[in-house]
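Novice: Here are the chains, one letter per residue:
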Amino acid sequence: MVSESNPDVDDLPRETADVLLDEMMRIRAFDDAALEQFREGDVPGFLHLCHGHEASHAGMGVAMAPDDWLAVGGSRLHGQYLVKGVPMPEAMAEIYGKETGPNRGKGGSMHLADYDRHLYGHAATIGSGQNPAAGIALAQQMRETGNVVVSTIGDGGTSRGSFHTALVFAATWDLPVVYVIENNEFAISYDAENLPIEQLSDYGEPLDMPTESVDGSDPVAVHEAVSAAVDRARSGGGPTVIESRVTRMRGHFEGDKQQYRTETDADASEADPLTSFRDRLIEAGHITAAEYDDRYAEFEAKAREAVEFAQESDFPDSEVAYDDIYEEPLYGQEGGDR
Amino acid sequence: MTEKSITEALREALDEELQRDERVYVVGEDVGDFGGNFGETQGLQEKYGDKRVRDTPLSEIGITGHALGAAVGGMRPVAELQFADFAATAGDEMVNQIPKMGYISGGQFTLPMTVLAPSGAGIRSGAQHSQSVHAWMGNQPGFVVVTASTPYDAKGLLKSAIRDDNPVFFLPHKNLMGKKGEVPDEEYTLPLGEAAVERTGEDVTVVATQQMFHRAMEAAEQLAGDIDVEVVNPRTFAPLDTETIRESVRKTGRLVAVDETPLRYGTQGYIVSEVVSNDFFSFDAPPQTVGVEDTPIPFSPPLEDEVIPDTEEILAAIRRTF
Ligand SMILES: Cc1ncc(C[n+]2csc(CCOP(=O)(O)OP(=O)(O)O)c2C)c(N)n1
Chain A
1284 MVSESNPDVD
1294 DLPRETADVL
1304 LDEMMRIRAF
1314 DDAALEQFRE
1324 GDVPGFLHLC
1334 HGHEASHAGM
1344 GVAMAPDDWL
1354 AVGGSRLHGQ
1364 YLVKGVPMPE
1374 AMAEIYGKET
1384 GPNRGKGGSM
1394 HLADYDRHLY
1404 GHAATIGSGQ
1414 NPAAGIALAQ
1424 QMRETGNVVV
1434 STIGDGGTSR
1444 GSFHTALVFA
1454 ATWDLPVVYV
1464 IENNEFAISY
1474 DAENLPIEQL
1484 SDYGEPLDMP
1494 TESVDGSDPV
1504 AVHEAVSAAV
1514 DRARSGGGPT
1524 VIESRVTRMR
1534 GHFEGDKQQY
1544 RTETDADASE
1554 ADPLTSFRDR
1564 LIEAGHITAA
1574 EYDDRYAEFE
1584 AKAREAVEFA
1594 QESDFPDSEV
1604 AYDDIYEEPL
1614 YGQEGGDR
Chain B
34 MTEKSITEAL
44 REALDEELQR
54 DERVYVVGED
64 VGDFGGNFGE
74 TQGLQEKYGD
84 KRVRDTPLSE
94 IGITGHALGA
104 AVGGMRPVAE
114 LQFADFAATA
124 GDEMVNQIPK
134 MGYISGGQFT
144 LPMTVLAPSG
154 AGIRSGAQHS
164 QSVHAWMGNQ
174 PGFVVVTAST
184 PYDAKGLLKS
194 AIRDDNPVFF
204 LPHKNLMGKK
214 GEVPDEEYTL
224 PLGEAAVERT
234 GEDVTVVATQ
244 QMFHRAMEAA
254 EQLAGDIDVE
264 VVNPRTFAPL
274 DTETIRESVR
284 KTGRLVAVDE
294 TPLRYGTQGY
304 IVSEVVSNDF
314 FSFDAPPQTV
324 GVEDTPIPFS
334 PPLEDEVIPD
344 TEEILAAIRR
354 TF
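These protein sequences, in sequence, are chains A and B.
Residues in the first sequence are numbered from 1284 upward in steps of one, following the numbering used here.
Residues in the second sequence are numbered from 34 upward in steps of one, following the numbering used here.
These are computed hints drawn from the structure, not numbers from a lab.
The beta carbon of each residue, even a glycine, is placed where N, CA and C say it ideally should be.
There may be inaccurate statements among the hints.
[Unchecked claim] Anything over 10 Å on all C-beta distances counts as not near chain B; from chain A, calculated:
id, residue
1, LEU1295
2, GLU1298
3, GLU1319
4, PRO1370
5, LYS1389
6, GLY1390
7, ALA1396
8, ALA1406
9, ALA1449
10, ASP1474
11, ASP1485
12, SER1510
13, ASP1606
14, GLU1610
15, LEU1613
[What the hints assert, rightly or not] If you want the footprint, here are the derived chain A segments under chain B, 3+ residues with CB under 8 Å:
id, segment
16, 1373-1387
17, 1410-1417
18, 1420-1426
19, 1451-1457
20, 1557-1565
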């Protein structure tokens, strides 16, 4: 099913509109700060930014209860970590590889995980996170926790067999899991238009799952669709596949020359979900332009503080490289009888 | 003590652990009514229901990948692959995901899961159903890799594997599933990560598991009175208890490492190098390795028998150290 029109912000409770906007601003401010630091040469490794995915991330994050699990996919990751509740300083520290990150520097931006916040993190071999998401959902079902799992993936990842296997297992066992496909039309350079499938949520149809394709640049639309799917999963209604159509405003990673992009789709700023949501809220009288600017400035300040926290944090001691390989002692070894 | 087959020993281990801990469940292709490829899950679904003994669609990616998530989510899955060779069809799960997630998370995730998968050659099933895979997975720090050589080992080690908080790749041998041996009637477990000195001797150390273990014991018997052979069974290949092996070589001064993995980058080389680099001056002779030459396992019985080391080859290797 395709949602043709975007839901009206007027129908949205004020608080929900506020949180959605806050989350979008938080993500943008965070990623802009990360970008600035990357340009300074401060951030190790690749940098994949979320510009254009903020509405999708905010919509799904706000639709989840704090104890629901998130297994992150695609490559636009930071925003998903943030909407799952990881504070900016901790997230930034992990991106810097510092010991104050949730993974103590062993994960980095592609693997940030936070057990206490029920963030599984990301399988950086794209498409390998969806079966673990089904397994986390199975554990919720068997242990009757009432929690749901949301698992994201990009358009690119949907071509892998592992993604389809996850759908088969989720459908076979009626698991409480929602698969959200963030279709930004690109898998690095490969254009999703080349795929013979019309909308990627249709991959759920042969398995008789509810499917929906929504405008992922509209946080309200994503929030509604994911909320409905989460509610259904929580009440025993099984899995859902949602396609969230978004725009990737920047290159795949920073430094991507994007020769594969045409001029029209290169001008992605028109599709900026943050400014368009801001304009809708101003038009609806929810917020004034000045209030928006003030709030945004607060998030920018918080992002700067996060950068300072990350910069001032220590790198892990080198011996830490040899920790966490095994839970020791092994079973039956001295002291290992559990 | 009662005589049981490895299949029966595995089934008892699963049964007792399903009984003991409700977080444990058994999951895989045909583990339900069908009772497992070798009969190792016979009757368990009837006893525990189809949620705790759970048939899956045909996908090793799904079996191992979901088990990883279920372990993170608080369960203790025993995920069965019909043949260990099929771990390759879940390559990313087995190599990149399961052994890495505990580490990547900085110790936040514990992964108390077991992949149970019969491994090895000798059942005349050709190259894609006959591999010894413990060298592949032993190469992935994070996986505990365990082999079972006897019914006693099979039961005690599988129970420990299920109770262990690490991902354990547990490898009984396909050609030993019917092999009988004494199994205690009372409850017991065996330690993971510890090699067992199965036969003491003064003259030469032979390290071997699974079929090769039985052939090494046979060789030791044949040489008795002439050469006094000590046989060490590593039981766990990763992490490897090199200390027990080194201690044995310090006593005997001679080492033969026998395994069904291919000689090229197999476990034999690692075992020898661990002893050579640490105890070089204990050696009275160059250490020897026995394994599969660099070939896939052929189907035709005489060909398969040709490439899998037999007792004669082990005897010859032992003699070369004198
Ligand atoms: C299995 C695998 N193949 C290839 C890659 C290299 N790679 C990283 S991201 C990516 C494209 C991902 O595209 P998509 O799934 O659409 O996510 P997006 O980047 O659009 O968020 C590729 C090919 C990978 N990480 N994993």
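Novice: Hints first: check each against the structure and report whether it holds.
Specialist: Against the structure, the hints come out as follows:
Residue placement check: LEU1295(A) keeps its beta carbon more than 10 Å from all beta carbons of chain B (closest about 33 Å). With a cut of 10 Å on Cβ distances, GLU1298(A) stays outside the contact zone with chain B, its closest approach being about 31 Å. Distance to chain B confirms GLU1319(A) as a non-interface residue, since its nearest Cβ pair spans about 26 Å, more than 10 Å. The claim that PRO1370(A) is not at the interface with chain B holds, since no C-beta of that chain comes within 10 Å of its own (minimum 16 Å).
For LYS1389(A), the condition that its CB be more than 10 Å from all CB atoms of chain B is violated, with the nearest at approximately 4 Å. With a minimum CB-CB distance of about 5 Å to chain B, GLY1390(A) fails to clear the 10 Å threshold, and the non-interface call is violated. Not every Cβ of chain B is farther than 10 Å from the Cβ of ALA1396(A); the closest lies at roughly 4 Å, contradicting the non-interface assignment. The claim that ALA1406(A) is not at the interface with chain B is violated, since a C-beta of that chain comes within 10 Å of its own (minimum 6 Å).
A Cβ of chain B approaches the Cβ of ALA1449(A) within 10 Å, the least distance being about 7 Å, so the stated non-interface status is violated. No Cβ of chain B approaches the Cβ of ASP1474(A) within 10 Å, the least distance being about 25 Å, so the stated non-interface status holds. Every Cβ of chain B is farther than 10 Å from the Cβ of ASP1485(A); the closest lies at roughly 20 Å, confirming the non-interface assignment. Chain B leaves SER1510(A) outside its interface by the beta-carbon criterion, the shortest separation being 22 Å against a cut-off of 10 Å.
Distance check for ASP1606(A) against chain B: the nearest CB is about 6 Å away, which does not clear 10 Å, and the non-interface claim fails. Its beta-carbon lying about 4 Å from the closest one in chain B, GLU1610(A) breaks the requirement of being farther than 10 Å from that chain. Separation of LEU1613(A) from chain B is inadequate, the least Cβ-Cβ distance of about 4 Å not exceeding the 10 Å criterion. By the rule of at least three residues with a Cβ nearer than 8 Å to a Cβ of chain B, the coverage given for the segment 1373-1387 of chain A holds, with 4 such residues.
Interface restraint, the segment 1410-1417 of chain A with chain B: holds (6 residues with C-beta to C-beta distance below 8 Å; minimum three). Check result for the segment 1420-1426 of chain A against chain B: holds, 6 residues qualifying (beta carbon to beta carbon below 8 Å, three or more required). Coverage of the segment 1451-1457 of chain A by chain B holds [criterion: at least 3 residues with CB-CB distance below 8 Å; count 3]. Given as covered by chain B, the segment 1557-1565 of chain A fails the check, having 0 residues with a CB less than 8 Å from a CB of that chain where 3 are the minimum.
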